[in-house]
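Can you build the whole structure from these sequences, using the hints too?
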Amino acid sequence: MTDTLLEVRNLRIDGTVRPPGERPKDINIVEGVSLTLAPGRVMGLIGESGAGKSTVGLSTLRYGRGGLRLSGEIWLNGRNIQTISPGQLRDLRGREVTYVSQSAAASFNPSIRLMDQVIEATVLHRIMSRSEAQKRAVELFGALSLPEPESIGSRYPHQVSGGQLQRVMTAMALCPKPDLIVFDEPTTALDVTTQIDVLAAIKTAIRHTGVAALYITHDLAVVAQVSDEILVLRHGKMVEHGAVQQIIEAPREEYTRALVSAHSIPHEEQAATDNPILRLEDITASYEGKIQVLTDVTAEIHPGQTLAVVGESGSGKSTLARVVTGLLPPERGRVLFDDQPLPPALADRSLEQLRELQMIYQMADVAMNPRQTVATIIGRPLEMYFGIRGAEKRRRVIELLDQIEMGESFIDRYPAELSGGQKQRVCIARSLAAKPRMIICDEVTSALDPLVANGILKLLLNLQADEGVAYMFITHDLATVEAISDSIAVMYQGRLVRYGPKSEVLTPPFDDYTDLLLSSVPELRLGWLEGVVQNRKMESAGY
Amino acid sequence: MTLRRIPISALIGLILTGVAIFVAAFAPFLAPYSPAETVGDVWEPASDQFWLGTDNLGRDLLSRMIYGARITIFIAAAATALSFCVGAVAGFAAAVAGGLTDQAMSRSVDLLMSIPSLIFALVVLSVLPSTVLILILVMAVLDFTRVYRLARAVAVDVNVMDYVEAARLRGERLTWIVFREILPNALSTLVAELGLRFIFMVLFLSSLSFLGLGVQPPESDWGGMVKENKDGIIFGIPAALIPAAAISVLAISVNLVADWILRRTSDLKGGRS
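So the sequence lines, in the order shown, correspond to chains A and B. Going by my numbering, the residue at position 439 of the first sequence is 439; the numbering climbs one at a time, nothing skipped. Residues are numbered in my numbering as their position in the second sequence, beginning at 1, plus a constant of 543.
In short, the hints are calculated from the structure, not lab data. One or more hints might be untrue.
Claimed, not checked - Some chain A residues flagged as far from chain B (calculated, every beta-carbon gap over 12 Å):
1) A143
2) R207
3) K237
4) G289
5) G407
As the list claims (entries may be wrong) - Pairs of lysine to aspartate or glutamate residues, derived as EDC-like cross-links and limited to a Cα-Cα distance of at most 20 Å, are as follows:
6) K435/A / E715/B
7) K393/A / E715/B
8) K458/A / D477/A
What the hints assert, rightly or not - Restraint-style ranges between C-beta atoms, simulated for each label pair:
9) G67/A / S791/B: 32 to 42 Å
10) R413/A / L717/B: 26 to 36 Å
11) I27/A / L717/B: 40 to 50 Å
12) R650/B / D274/A: 52 to 62 Å
13) R650/B / R395/A: 47 to 57 Å
14) D653/B / R536/A: 54 to 64 Å
15) E288/A / A647/B: 13 to 23 Å
Model, not experiment: these values are computed from the prediction. We treat Cβ as the ideally placed atom computed from N, Cα and C, and that holds for glycine.
Written as structure tokens, this is what we have:
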């Protein structure tokens, strides 16, 4: 065996797009990517969406999604897989190289038991007999710290949690004893508290089996924990390649430096005032009187300040926003806006009350009508609340576009003609147009790339300084919380487990849940993962 | 959209539909004789004078076909337009309003749909006078139920999008939500359905006229002309087959166009834009 497992030389990937009503045109997706990987090493591929990370990862299986054309050389185990026959390629896939996808939930067949899916490739390639493969699978389940490794294989995909399913998928990839595994954002869809378990399990399994891996992610802090070296991609080209330590401590390229220093936003915490703009009093809410989602939530938001509401998915964060906006009238409790109680139901609120409380959504894509231009989208609140029409309206829309740092040229575009970050900016402009006193931001940055998200957060803070608007900022990302909030409410299973000014909430002693949440946020430093896992083991052992 | 990208089947459909509409629009200039005038013998065969022969009363069949196109297409189009406006608006309103309003509207429509439409039309038209207006109204009322269900189904999907919620939070009225937020996003599906509904209208009108409850003499649509000339078939006279063929050709050609639009709108590769 050579000391190079995988060598990619001058990889170039092209595709053809067929826009309706136009001639098909060729586009270049990846160009000039070269990398080498020794057996047992882990390389992290990092970059924003559209950088070509997954495309490069899949090319090691000689697979191009949607008819992409690969050119260049891909040497694996001493042969160029670009030239091998379809039969040899079949042998290679699932035997020498395996793949772990982002969404395990969508990748498992819901009607087949987990064990049969995990050992399928192994048995099919005649690497092991059925019983040997099952034995190995059980070992792997144990190594990946899945509960009841003996029997978990007889369950169906819907009977295990998302984090467990992701680990089962890793077991599936490890089962045929491959030389290389491609991990495609395996933890991106998980909550932070779950992510850390999966991450630790993946890392241990890689170390134990000595398999090499390509680890694709957009989160630098995550990739720093599992890989030996990092390759930074942007627009399908290589930006920088180096050992993990070098990349995070001494990045050479401008772009890498920006990635490393994302989230470093200066923001001074402000003290609470006497007149909160919004006060929630003992809010209890449920869906159709059956499932209680919120229990006795009491919190305040002060003018010109930000309350961050944090928690994992299902903790009731978004439901709280629905109560405040009136979409879900609470069972008990009141919402006071500027010391005046707000009618619980949306239909009973006055136009003025609606104007003062605006909302920005997570998915800017679906928060704007695809058949309306930016001018209509931003102009409509002006027309509705202030009766501004015609040339005056257009002038105000241009002013707002300037405020969100976009400019006049975007005014007649449709949402489909904007990038993800621009769409979110337009949504911000739409809520600003109403001159609100408070804006609810529901996970506004979680669908965006780190650098773009950073730009949005800075914009929101600048606007807060200029307009004095208060934010209720719903998020699961604690790094964002630290960057922008003045006070924090930590939610768990519909209750506030911790609430107060930022400095207090983030200072020990912590309650158990907040501790778990805070310690799960990946930090951009070597050895962080081991440290946390070590700590937790000691705690659970009773030290 | 260039002509080159239109599939051949849709092109045939477009041309034939275009011819039918052109003939209907310019009937007085194209028809060689008056449709009501007896110009020859009963059931004369095709000749230089009468290109398609004459009918059961000796009127020129070609002229009657041309005027018949006018009546058939006008009534079918008017009924389709009416059923669409009513059905789409009601469907959207039901989806947006939701709750009891939606239930009440949807169940009433179910009730109406459970009565076989031909029998319902026969009963209503045998009581009411068969004027063109009544005909259009009855056909529209019977057909709007189908449009209603489609429009409601599409609108329910659009209604849960965040931009509709944003509009509600902004305090928009029902009319804005229906016409500005939902309608533009449901339009392509509805347009495809429009073609299909038009064909069903043509067939429905033809059935009614054939049964003698549709367009009343001396006016006549294609279905009525089949009825007038059906006895000729016994004597080997093809006069009844010509309007019947015209009905099929119109139905097929509109269908080809509707199919093409439907394929474009349901195309995953973004034909929607």
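Results of checking the hints against the structure:
{"no.": "1", "hint": "A143", "verdict": "41 Å, holds"}
{"no.": "2", "hint": "R207", "verdict": "42 Å, holds"}
{"no.": "3", "hint": "K237", "verdict": "27 Å, holds"}
{"no.": "4", "hint": "G289", "verdict": "15 Å, holds"}
{"no.": "5", "hint": "G407", "verdict": "23 Å, holds"}
{"no.": "6", "hint": "K435/A / E715/B", "verdict": "17 Å, holds"}
{"no.": "7", "hint": "K393/A / E715/B", "verdict": "18 Å, holds"}
{"no.": "8", "hint": "K458/A / D477/A", "verdict": "16 Å, holds"}
{"no.": "9", "hint": "G67/A / S791/B: 32 to 42 Å", "verdict": "41 Å, holds"}
{"no.": "10", "hint": "R413/A / L717/B: 26 to 36 Å", "verdict": "28 Å, holds"}
{"no.": "11", "hint": "I27/A / L717/B: 40 to 50 Å", "verdict": "44 Å, holds"}
{"no.": "12", "hint": "R650/B / D274/A: 52 to 62 Å", "verdict": "55 Å, holds"}
{"no.": "13", "hint": "R650/B / R395/A: 47 to 57 Å", "verdict": "50 Å, holds"}
{"no.": "14", "hint": "D653/B / R536/A: 54 to 64 Å", "verdict": "58 Å, holds"}
{"no.": "15", "hint": "E288/A / A647/B: 13 to 23 Å", "verdict": "20 Å, holds"}
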